[in-house]
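2 protein chains.
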Amino acid sequence: MGQTIQIEKANSLKEKPDVSNIKFGTVFTDYMFSSHYTPEHGWETPTITPYKNLELSPALQSIHYGQSVFEGLKAYKSGDDILLFRPEENFKRLNRSLERLSMPKINEEDAIKALKELLQLEKDWVPDGPGQSLYIRPFVFADEPFLGVRPSRTYRFLIILSPVAGYSGAALDPTSIYVEDEYVRAVRGGIGNAKAAGNYAASLLAQQKANNLGYEQVLWLDGVHQEYIEEVGSMNIFFVRNGEIVTPELNGSILEGITRKSIIELAEYKGYTVKEERVHIDDFLKGVQDGSISEVFGAGTAAVISPIGRMNIHDTDYIINDNQPGDVAKDLYDHYTEIQYGRLEDPFGWVQKA
Amino acid sequence: MGQTIQIEKANSLKEKPDVSNIKFGTVFTDYMFSSHYTPEHGWETPTITPYKNLELSPALQSIHYGQSVFEGLKAYKSGDDILLFRPEENFKRLNRSLERLSMPKINEEDAIKALKELLQLEKDWVPDGPGQSLYIRPFVFADEPFLGVRPSRTYRFLIILSPVAGYSGAALDPTSIYVEDEYVRAVRGGIGNAKAAGNYAASLLAQQKANNLGYEQVLWLDGVHQEYIEEVGSMNIFFVRNGEIVTPELNGSILEGITRKSIIELAEYKGYTVKEERVHIDDFLKGVQDGSISEVFGAGTAAVISPIGRMNIHDTDYIINDNQPGDVAKDLYDHYTEIQYGRLEDPFGWVQKA
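In the order they appear, the protein sequences are chains D and C. The opening residue of the first sequence carries number 1 in my numbering; numbering runs sequentially from there. The opening residue of the second sequence carries number 355 in my numbering; numbering runs sequentially from there.
Extracted from the complex, chain D is given alone in its bound form:
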């Protein structure tokens, strides 16, 4: 990249949908960004084109051997401005994911520049209703047509955009969680801390099992002992224990959530004590039973903060905080989203104009 981005204009634009009525990740905007990698020339031909299907080989490396990683972030409408929240963190993490999957890194500054140019072109797609935003999906996948097991020689980097109301339902509606102790998502030494396509496919069977048992999402335990709390798959997990905020410490198999990191920083700024520690599921369960754990919530880009009102632990159903959003979750959610939408002062320098 580094070169000027070529723009191919669309002949006609799509009609903008009523964002409050669309499902997460189903509607895409008029344009997308793409760039192509070869070992000879690196990343080149950065282009913004109309959003359209790709012509790909049936022997595509990423379909056969899964070299594919992604990121997720959001753009927020604030008056006439479009705001981004810590985009550099996403592209840093994209590079960590790329490295773990033996894929070539992108230039983070060029990527942010490309994203901003795309957003300027698509500024009318950033919705301004409550909780609404434009979901941004940067992703890189291997596109060499080749069936030997080795890293692809060529890759594509794309950014696509999708207006969203929220990941699921109304903000702060409590979700329900099944603690999974049979299937494993990731293990240290593996790729659990990369946003790699394969991690998500591996999670779906447990997700379906949880759904069949009446729970919305899965809480994963560690792959070695199947005893320590890891993450929810689309969110990191937090809980409030004796007034302090606790979250599992990063260990190589937990995704290093940017919302996780930012919530920790915001909570500490607001005077909460935050502890990152290894959490045994039985200690957690004891806390739920004796009331020392008063709130549980997830944190991730899509849902921001999602209170957890009901949990299945060792085949028993537990109600957390009367299945209501807790005070700490509400306090952090409000402050965090006000910063994201530019309505509260940002003492961290997290928010920038697109």
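For the record, the hints were derived by calculation from the structure and aren't laboratory data. Just so we're clear, the structure is a prediction, and the values are computed from it rather than from any experiment. Don't take every hint at face value.
Covered stretches of chain D, going by a simulated chain C footprint (3 or more residues, C-beta under 8 Å) [as the list claims (entries may be wrong)]:
id	segment
1	21-32
2	204-218
Below, in silico cross-link-like pairs of lysine-lysine (DSS-like), each with a Cα-Cα straight-line distance of 27 Å or less [said to hold, decoys possible]:
id	chain 1	residue 1	chain 2	residue 2
3	D	K209	C	K707
4	C	K406	D	K52
5	D	K123	D	K9
6	C	K467	C	K406
7	D	K105	C	K563
8	C	K467	D	K209
9	C	K707	C	K615
10	D	K92	C	K563
Computed far set for chain C versus chain D, every beta-carbon distance over 10 Å [to be verified]:
id	residue
11	I359
12	K370
13	S456
14	K470
15	D527
16	I545
17	E631
18	I667
Note that beta-carbon positions come from the ideal geometry of N, C-alpha and C, so glycine has one too.
Assemble the complex: chain D is given as a structure, and chain C must be docked to it using the hints.
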């Protein structure tokens, strides 16, 4: 499926290459098979078309969340016949992989029928040189354009064909192996026993590390203890200990190789004692050091049997059997491939005409 397969004829056919000079998985034949799945109609529109690029959405579920599994088998030329080796085992395993990744199963009989029809059309592509065959790649991937984390609603099942000389170099050329004790490929409870795209992407960094240290492939240890021998990624591993053949027992994270299973059956038929057991790397190392382990070899569809002549275990280099193919490996390889090419009697009913 179950319906008649529609055939769309190509206007012109490609020139057949000199198979002895092409690299594994780089040349594809004139035609491919495809079928499409919807929840409403199941698998339908089975079609043989010219081999061509696919038009796919940038929001393709399999690129973002990795619902993609595959199989690998070979067709062999025997006079005017084309032979297949236990194809029902591949489609059974494909269904096990599909189930693990929350994908819809295919009809195994219809798939074999489709494969045979494709092979009849492509019979001139099955090469007849020594060790040559037509590599068959059935695969299924999610093709719904949707960014929510849940199973795709729609899927494609394709079969593509590629003439091959052998996976790497001459038959029975010993390979070198690095025993990986940092990175992990799979863990029980995960998807290690599925032929899922994501497993292969997860293996590439260790593969590159091994290559940089001068070894061709990686031997994976178990994900829980990082102490027990699992597999080589493209092959299962066998060794000869005090004249008996030993291979790691299946445990949920080792791929259930069809070559593995067939080699065990053939070896027992030939009077060898075969043991499937949990093998600690340090016990294995002791056997290499004291000479009780006389041969090590891998077994998989691509390479059939691949003697292992050099191994790095705990950062020390060991030469196995003077870096020469061992007698047991040669004996099994010869018998096995003679059956595959229809030149020796097949007492197992493994070989069938396409």
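Verification of the supplied hints:
Only residues whose beta carbon comes within less than 8 Å of a beta carbon in chain C count, and the segment 21-32 of chain D has 6; three or more means the coverage holds. Here's how the segment 204-218 of chain D fares: 4 of its residues keep a CB closer than 8 Å to some CB of chain C, so the rule of at least three is met and the hint holds. Simply put, D:K209 and C:K707 have alpha-carbon atoms about 41 Å apart, too far for the 27 Å limit, and the pair is violated. Proposed proximity of C:K406 and D:K52 is supported: the alpha carbons are some 18 Å apart, at most 27 Å.
Between D:K123 and D:K9 the alpha-carbon distance is near 15 Å, which keeps this suggested pair within the 27 Å criterion. With a CA separation close to 22 Å, the supplied pair C:K467 and C:K406 stays within the 27 Å bound. This hinted pair checks out: D:K105 and C:K563 have alpha carbons roughly 18 Å apart, not beyond 27 Å. At most 27 Å may separate the alpha-carbon atoms for a hinted pair to count; C:K467 and D:K209 exceed this at roughly 33 Å.
Of the supplied pair hints, the one linking C:K707 and C:K615 holds, its CA atoms being roughly 21 Å apart against a limit of 27 Å. Proposed proximity of D:K92 and C:K563 is supported: the alpha carbons are some 23 Å apart, at most 27 Å. For C:I359, the condition that its CB be more than 10 Å from all CB atoms of chain D holds, with the nearest at approximately 17 Å. Distance to chain D confirms C:K370 as a non-interface residue, since its nearest Cβ pair spans about 18 Å, more than 10 Å.
At roughly 4 Å from the closest C-beta of chain D, the C-beta of C:S456 falls inside 10 Å, breaking its exclusion from the interface. C:K470, annotated as away from the interface, keeps every beta carbon of chain D farther than 10 Å; the closest lies near 20 Å. Against the 10 Å criterion, C:D527 stays outside the reach of chain D, whose nearest CB is about 16 Å from its own CB. Under the 10 Å C-beta cut-off, the non-interface status given to C:I545 relative to chain D is violated; the minimum distance is some 5 Å.
Interface exclusion of C:E631 from chain D stands, the closest Cβ pair being 22 Å apart, more than 10 Å. No Cβ of chain D comes within 10 Å of the Cβ of C:I667; the nearest lies about 17 Å off, and the non-interface call holds.
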